[in-house]
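Participant: Chains as they are written, first to last, in the numbering used here: chain H, 802 to 1003; chain G, 132 to 527.
In silico DSSO-like cross-links for lysine-lysine, where the CA-CA straight-line distance does not exceed 27 angstroms:
#: 1; chain 1: G; residue 1: K338; chain 2: H; residue 2: K888
#: 2; chain 1: H; residue 1: K950; chain 2: G; residue 2: K338
#: 3; chain 1: H; residue 1: K960; chain 2: G; residue 2: K338
#: 4; chain 1: H; residue 1: K960; chain 2: H; residue 2: K950
#: 5; chain 1: H; residue 1: K950; chain 2: H; residue 2: K987
#: 6; chain 1: G; residue 1: K283; chain 2: H; residue 2: K826
#: 7; chain 1: G; residue 1: K301; chain 2: H; residue 2: K826
#: 8; chain 1: G; residue 1: K338; chain 2: H; residue 2: K937
#: 9; chain 1: G; residue 1: K346; chain 2: H; residue 2: K960
#: 10; chain 1: H; residue 1: K826; chain 2: G; residue 2: K174
#: 11; chain 1: G; residue 1: K265; chain 2: H; residue 2: K834
#: 12; chain 1: H; residue 1: K888; chain 2: G; residue 2: K359
#: 13; chain 1: H; residue 1: K834; chain 2: G; residue 2: K283
#: 14; chain 1: H; residue 1: K826; chain 2: G; residue 2: K300
#: 15; chain 1: G; residue 1: K173; chain 2: H; residue 2: K826
What follows is a list of derived Cβ distance ranges for each label pair:
#: 16; chain 1: G; residue 1: N458; chain 2: H; residue 2: I832; range: 29 to 35 angstroms
#: 17; chain 1: G; residue 1: E362; chain 2: H; residue 2: L939; range: 34 to 40 angstroms
#: 18; chain 1: H; residue 1: Q959; chain 2: G; residue 2: K173; range: 51 to 57 angstroms
#: 19; chain 1: G; residue 1: G191; chain 2: H; residue 2: E897; range: 54 to 60 angstroms
#: 20; chain 1: H; residue 1: G971; chain 2: G; residue 2: N297; range: 25 to 31 angstroms
#: 21; chain 1: G; residue 1: D363; chain 2: H; residue 2: G971; range: 20 to 26 angstroms
Bear in mind the hints are in silico, worked out from the structure with no lab data behind them. Values in this document were obtained by computation on a predicted structure and should not be read as measured data. For glycine and all other residues, C-beta sits at the position ideal for the given N, C-alpha and C.
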Amino acid sequence: MMQFFISGLVTAVLLFCGSCKKGDKVTSYQIPKEELKINVVQSEASRLMQQSVGRSLEAEAETNTIVAPNWVAPVGWAVLPSDALKKGNFQVKDREGRSVEITVIGFQGNVGGELANINRWRQQVGLGPVDADFMKSLATTEVDGRTAKLIDIEGSAQKSIYGAILERDGQSWFFKMMGDAALVKKEKENFLKFLESVKFTK
Amino acid sequence: MHKLLNAFSSIKLTVVLLMAALLLVFFGTLDQVNYGIYEVQKKYFQSLIAFWSYPTEWPGGNFLKHLIIPLLSGGLLGALLLLNLICAHFKYFVLSWKKIGIALIHVGIVVLLVGGYLIGYFQEEFQMWLPEGKRVNFAKNIRKNELVIIDKTDPNYDTVWSIPENLLKKDKVISLPALGIEVLMDDYYENAVIVRRIDYPQGGIAKATQGSGSKVDLVVFPKAKTYKSNEDSEAAAYVTLKHRGEVLGTWLVSEDERFPPQRLDAGNHQYEIALRPERQYFLFYLELIDFKYEKYPGSEIPKSFSSEVRILNEQAKTDRNVLIYMNHPLRYEGYTFYQANFGPEETSSMLQVVKNSVWFVPYVGVWLTGVGLVVHFCVQLYVYVRRKKEKLNHAF
Chain H
802 MMQFFISGLV TAVLLFCGSC KKGDKVTSYQ IPKEELKINV VQSEASRLMQ QSVGRSLEAE
862 AETNTIVAPN WVAPVGWAVL PSDALKKGNF QVKDREGRSV EITVIGFQGN VGGELANINR
922 WRQQVGLGPV DADFMKSLAT TEVDGRTAKL IDIEGSAQKS IYGAILERDG QSWFFKMMGD
982 AALVKKEKEN FLKFLESVKF TK
Chain G
132 MHKLLNAFSS IKLTVVLLMA ALLLVFFGTL DQVNYGIYEV QKKYFQSLIA FWSYPTEWPG
192 GNFLKHLIIP LLSGGLLGAL LLLNLICAHF KYFVLSWKKI GIALIHVGIV VLLVGGYLIG
252 YFQEEFQMWL PEGKRVNFAK NIRKNELVII DKTDPNYDTV WSIPENLLKK DKVISLPALG
312 IEVLMDDYYE NAVIVRRIDY PQGGIAKATQ GSGSKVDLVV FPKAKTYKSN EDSEAAAYVT
372 LKHRGEVLGT WLVSEDERFP PQRLDAGNHQ YEIALRPERQ YFLFYLELID FKYEKYPGSE
432 IPKSFSSEVR ILNEQAKTDR NVLIYMNHPL RYEGYTFYQA NFGPEETSSM LQVVKNSVWF
492 VPYVGVWLTG VGLVVHFCVQ LYVYVRRKKE KLNHAF
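Based on the sequences and whatever the hints tell you, model everything.
Facilitator: See the structure below:
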């Protein structure tokens, strides 16, 4: 009986030690003034940071596992070069010199949620944020068999955004048309046709 | 209770546990492809229960991805084996000089098992980058981050407040009463890409109202944590700081090496704030005198890597040079420094630093088991020879 108790106790103590976490407290200590900022690699990196904080996404492009869907771009949409983040990039210009840009971007996760992204878009066209109730009023459309939210933001200064946000298999896809308000309105039909043509590869 | 003791001392239990250990090693090895050795060790060998799931990229993965196999992990298996061994020992062991070897073997195995736990708990690993001609007094833990607030006002030293990664969770509030500062973790991303909004106007999370994030107008794109050996996850966080109740603003901090510590004004005091790999500071400096990378003549095949390092310890009045190279680490002040890597153009060296205050435990375990085996062999030999002799005596 006693032996069994001792064995059980030893095991319990070990299990407890194995499962407890180290480093759950804020610590404070003093260190001599740093002679060296960080290390060679880092100081080179800091220099780059000062030049431009924007990161070159070439390396990112190689590792980005998000696969772009297929689509059919409407006639009149000029294809612009895509990059690591922009899986699709188009431009429409009319004779009066007005232009809109259409982009398709996909990410893993919900990148802050739909409301945060809608408010960010609103900010881009000079409007204030909306609250969660606004989400209920949004129209929807179907993109490759899934429901996407349609966002129509008529901004100030003749600038509008018409876009769709699609959450699909843990990824968030942003289809966004932004530019001159009148041209955005004119291109809405083409944009919806474009959304209809989107097909994700399995 | 007697039944329970019987069950726990049974050899059947030993066999079942050893089979479970085999399964654990098998599935752990399969998962190593996806998670790398460090995560697999944590998931399969340093926990109590592990779950292996069928990878989606395998044939039929779409259907079989729901196939999840629960496994007894190293933590639980070790404890049960230990319990089994101790119970069996108490139940079957009879004190006699003939069994002394067996007792030693058992004690050795117990020490080995206990040593596994102790090492898992006490051993720490760091990396130390040394550029040629520079001296450094810290190493970095690349598996864990810390959020630091540094007071640089004193001309002689810096005071660092370090918040460990375990506390860096979304919505967590951390108080630093000595500074009158409260840190609210708005968001913590295990891996993220930070870009200028101007380059990528769509998507991304922008919350910073202070520091680089706000000045350069940066946005964060969270990414899944990577376990690939050739890639690093770069954590980032949005933190809102309050000083004596007054909100100072929201900072974007990142362990991305392009993010130097950022200035933070609180009251009349100036601090720096940064998210960085956890640092282990030493009471001594190491200075890299020279890094040498030798190749076999006429080829690109590496022959040897070595770092000539100067140890500077003011307290111990130490100032000497040592050579660290393959299989010849430097052991100093409880740390072991191994030659591990080197920087571009061979002008910097990376040392793997291991702190393990219980390093001797497995040696003791192996030594006891070894001595036990030898003793048991000798005792059995003696008994055999004596019996043989007795038989011979009876025969005549």
